[in-house]
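**Student:** The numbering used here puts the first residue of the sequence shown at 971, with every later residue one more than the last.
In short, the hints are calculated from the structure, not lab data. Mixed in with the good hints there might be a few duds.
To be verified - Using C-beta positions, here's what the derived DEER-type ranges look like: (1) GLN1347 - GLN1257: 30 to 38 Å; (2) ARG1238 - GLN1381: 13 to 21 Å; (3) LYS1049 - THR1013: 29 to 37 Å; (4) ASN1189 - ALA1140: 40 to 48 Å; (5) LEU1192 - ASP1227: 26 to 34 Å; (6) THR1013 - LEU1053: 42 to 50 Å; (7) LYS1049 - THR1014: 33 to 41 Å; (8) GLU1344 - VAL1133: 21 to 29 Å; (9) GLU1386 - SER1322: 43 to 51 Å; (10) ALA1364 - GLU1344: 28 to 36 Å; (11) GLU1386 - GLU1186: 38 to 46 Å; (12) GLN1347 - LYS1018: 17 to 25 Å.
Every residue, glycine too, gets a C-beta built ideally from N, C-alpha and C.
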Amino acid sequence: MIMSLLVGCVAPVAPGAAGPAQSAADAAQPIELTFSHFWGDPTTGAGKVVQARLDEWLAANPNVTVKTETMSHDEYYTKFRVLASSNELPDVFIMNADMTTPLSNGGQLLDLTAALDADPAWRDLQIPGGMTEWTRDGRVYALPAQMIITHVIYYNTAIFDEVGIDSFPATLTEFNDAVAKLQAAGYIPVALGAKAGWPLFDCVFGTFTFRIAGLEWYNKLLAHEAKFTDPEFVTVLTTFKDLVDQGTFNADANSIDNMQARTLYYNRDAAMFMEGNWAISEGLAGQDVEPDTEIALWPSIEGGAGKPNEVTWAAGWGWGANGELEGAKRDAALSLLAALSSEEYGRMRLESGDLPAQKITEFDGSALPRLFVELNQQSLGWEAVPILTLGFPASVTDVLWKGLQEIMTGQKSPEEVAAAIQEEYDKYQE
């Protein structure tokens, strides 16, 4: 779908809002921008928010023509790569994080770093760590369109009270003590459905890895300056094995899926389950157990290199601009990007049921599930770290998944699994 809109005069995003403003000289110039994304329905959800922000921005800017093209997600994903290969990207667009390195290396992405540094309010409005996926060598090339938290611990406060757990554990030692109490009372401590792999390596193991090994080690790993066989990661696997051996998870975790694991929690057979923020809207909000449910993250792990408020948190898709833009057209693109990463944008995304990439404290949550509102509130104090497997080739993720399952079944030791993952990872070293 293609739509042309005419307005112009590049102005500040809104009174008091963060984002780059323009001079009167720039404002007098007729400017035309092309804009492309995959939220094609302007009447609902993200599409409604994007269209509203675009309309407001256009109304504030009297000489800018914006030609908008939208299409389905999959069609967009394919077409974007075709356009990138021929150096024909739109002026402003949504892009997947996996394209950041080749496009930034090729000069096809506008470097946003200076504009963000010149406007600290705009820069600091973004969720801490939210721009990591589009940052290369300290330069920022896109702004997150939304966020997805892949690790949340949902726990039943009534069960915790019943077995004498006064509050969610603050350390792994306290967590292990809680597991023992829950087992003694006949409960599954943590329901896990690892049949498809991702609930295990994304929702359980990812944040857990950062708690112990830390972000610095992970960044070195991606640069092939660290190895899976390093003590940091072997300790992660060993500590995970300890969790398994003490009975933290259900015995059939490898043979059931995430929906079956949720059912164990819904039926109060399990005291906890671990998934992402989507679990709230996908069913938890309507369950009888919801009033007794609260949320937490993996607790602090003694001796670990990570922070207790870090969580695997990513956007996947972000707003970027063409690296060849110059002058007034470049300034207009930056102003539009600011409108798509402003406080109002984040508030509208939040009120429509999406987790925003901006720190939003004031919003109308009357139509939102209680847990979603609480998640947003707690997340203001959390810090994003990358989704563990996003930086790995698919075959490395497969070996990791298989290795974790083999640890759970006692087929391999942590050291053997670490060696197997590293052997696969070595195939991709440049």
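**Student:** Taking the hints in turn, state whether each one holds.
**Tutor:** Now for the hints, and whether the structure bears them out:
no., hint, result
1, GLN1347 - GLN1257: 30 to 38 Å, "21 Å, violated"
2, ARG1238 - GLN1381: 13 to 21 Å, "32 Å, violated"
3, LYS1049 - THR1013: 29 to 37 Å, "23 Å, violated"
4, ASN1189 - ALA1140: 40 to 48 Å, "27 Å, violated"
5, LEU1192 - ASP1227: 26 to 34 Å, "30 Å, holds"
6, THR1013 - LEU1053: 42 to 50 Å, "27 Å, violated"
7, LYS1049 - THR1014: 33 to 41 Å, "23 Å, violated"
8, GLU1344 - VAL1133: 21 to 29 Å, "23 Å, holds"
9, GLU1386 - SER1322: 43 to 51 Å, "47 Å, holds"
10, ALA1364 - GLU1344: 28 to 36 Å, "35 Å, holds"
11, GLU1386 - GLU1186: 38 to 46 Å, "26 Å, violated"
12, GLN1347 - LYS1018: 17 to 25 Å, "24 Å, holds"
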